[in-house]
Amino acid sequence: MLTSKMTLIANRWWHVAAAYNGTSTNIYINGELDTASTSITGAIGTNTDSLRIGCDLSGGFPANFFNGFIDEVRIANYAKTIEQINSYFYRSIDSTNQPNTGMTNVSYNLDGTTFDNGDGGPKLECMNGARFSHPASVENQPISPLNRADLRSFISGYTMKKTDRRIPASGGSGTIYDTLDIPFNTSIYDINLFVALNHKNDADLDLYLISPSGESIDFSTDNTMVGTNDNVVTIFDDQADYSVTALSHVSFAPVIRPEKNFSTVFLGDNTQGAWKLRITDDGTTTDTGRLYGWGIQFNNASIVTSVTTLDLTMAIEGFWDGVAHVQDSVVVYLRNSTAPYAISDSGRIFLSTSGSGSLSFLNIGTSSKYIAIKHRNGLETWSANPPSFTVGGITTYDFTTSSSKAYGNNLKLKSGKYCIYSGDVTKDGAIDASDVSLIDNDASNFVVGYVGTDLNGDNFVDGTDFSIADNNATLFIFVITP
Numbered sequence: 043m044l045t046s047k048m049t050l051i052a053n054r055w056w057h058v059a060a061a062y063n064g065t066s067t068n069i070y071i072n073g074e075l076d077t078a079s080t081s082i083t084g085a086i087g088t089n090t091d092s093l094r095i096g097c098d099l100s101g102g103f104p105a106n107f108f109n110g111f112i113d114e115v116r117i118a119n120y121a122k123t124i125e126q127i128n129s130y131f132y133r134s135i136d137s138t139n140q141p142n143t144g145m146t147n148v149s150y151n152l153d154g155t156t157f158d159n160g161d162g163g164p165k166l167e168c169m170n171g172a173r174f175s176h177p178a179s180v181e182n183q184p185i186s187p188l189n190r191a192d193l194r195s196f197i198s199g200y201t202m203k204k205t206d207r208r209i210p211a212s213g214g215s216g217t218i219y220d221t222l223d224i225p226f227n228t229s230i231y232d233i234n235l236f237v238a239l240n241h242k243n244d245a246d247l248d249l250y251l252i253s254p255s256g257e258s259i260d261f262s263t264d265n266t267m268v269g270t271n272d273n274v275v276t277i278f279d280d281q282a283d284y285s286v287t288a289l290s291h292v293s294f295a296p297v298i299r300p301e302k303n304f305s306t307v308f309l310g311d312n313t314q315g316a317w318k319l320r321i322t323d324d325g326t327t328t329d330t331g332r333l334y335g336w337g338i339q340f341n342n343a344s345i346v347t348s349v350t351t352l353d354l355t356m357a358i359e360g361f362w363d364g365v366a367h368v369q370d371s372v373v374v375y376l377r378n379s380t381a382p383y384a385i386s387d388s389g390r391i392f393l394s395t396s397g398s399g400s401l402s403f404l405n406i407g408t409s410s411k412y413i414a415i416k417h418r419n420g421l422e423t424w425s426a427n428p429p430s431f432t433v434g435g436i437t438t439y440d441f442t443t444s445s446s447k448a449y450g451n452n453l454k455l456k457s458g459k460y461c462i463y464s465g466d467v468t469k470d471g472a473i474d475a476s477d478v479s480l481i482d483n484d485a486s487n488f489v490v491g492y493v494g495t496d497l498n499g500d501n502f503v504d505g506t507d508f509s510i511a512d513n514n515a516t517l518f519i520f521v522i523t524p
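Heads up, my numbering is the position in the sequence shown plus 42, with the first residue counted as 1.
Honestly, the hints are just simulated from the structure, not real lab data.
Keep in mind it's a predicted model, so treat the numbers as computed, not measured.
Be aware that a few hints might be false.
[Unchecked claim] Calculated cross-link-like contacts (lysine to aspartate or glutamate; reagent style EDC-like; alpha-carbon spacing at most 16 angstroms): (1) K318 x D223; (2) K416 x D470; (3) K302 x D283; (4) K242 x E181; (5) K302 x D232; (6) K302 x D260; (7) K318 x D353; (8) K318 x E257; (9) K165 x D206; (10) K454 x E422; (11) K165 x D91; (12) K416 x D370; (13) K456 x D324; (14) K242 x D324; (15) K302 x D264; (16) K454 x D363; (17) K242 x D264; (18) K302 x E257; (19) K318 x D260; (20) K469 x E422; (21) K302 x D280; (22) K47 x D440; (23) K165 x E114; (24) K165 x D153; (25) K302 x D248; (26) K318 x D220; (27) K454 x D512; (28) K47 x D76; (29) K454 x D440; (30) K469 x D500; (31) K318 x D248.
Given only the sequences and the hints, what does the whole structure look like? Please build it.
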């Protein structure tokens, strides 16, 4: 048995995939490699036993039944690449819409039936009380963030953003913002917007799109669907046949016309910059939801520009005080996933007070790359695995959520976030006496300003900086790479 490193939090959707090629097994969580193992080898055996989904066997009998929601069960006779997994992250698979048409793709869409929508798999049987969720007639039933818009260049023509944000951020009302960085610059004559969110009361939601120049449009405000479906997973398109109006649809999918046309605000604007999705929950109850993803298609493009984007979140031990992160720049290197791990591209990010930033790359295309971080006094740190990058897409990587996000678990937990170690002033890959000595000398001389020996970013070298480096030197902290 192979178990994921990540613990899945209840009451939210997770995309889980496993691939086995005869010598190695990979588990992917939300499109990122979570676990890889070579402990299982050989051909997969065949027999007439039933395949049970959502339970296991204990003493020869089904047990440990899954209590939750499952959608889009996919089985293939080949090991899917991380690129194939991500290209169908937000869209369904059937016999006319497959990642590898020369192979077998079984896909149970579970859209009211248990038949295979792909290449002729057997019919599933619902057991132990399993049933369809019927979101249009049963209240507060979540739906997965999948949309069927195969002839609209979805998702190849979209710049996409995977996310997982509570709506609202806390309590029962409030506003959240999510940012999508568009690196390419072209004049806009058409915009299509994909949004995937679940919520318990769609009548509480006001949705806005904000351009890099600050122009804003409210494209859906307090629109209630017929029945009990409160979820919005659709494409908003000015040219759609039907408009998003209250009490007119049981679902807004797969495409709907926005309340106000995007072209009235954004026509002729430039694409480049930070676009924001604003979601306001103006309810007075504790009805909440989650945003799972969104994306923008400009000018009906069939494929987006060759730019790939990294949304990075990280923390530097000395710069994180438990409330805010001192803003500073880090250099990001994208390295090949196989030895000798050559650098494919690099760039510099200026981190926000939350430790996040975006960076666009031109030289990596669709591929998997290690992320290597360097900072003026932080220890060089690599991602645990090489996440996938897709042309025109956005890859999100957060080092702060678990020590397992760094290669060799080389992170330090501080005030709720996993941080890269501070103290490698000499940049020799180890925090040791030579670093401590430099800090001690500068502290004795009351050095101030933007210097490498200032480990906590207060522009003053003193005993606080010395203590951080001395503690890490005692622990023999050094760079860990593949």
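Indices of hints not satisfied (ascending): 9, 13 and 30
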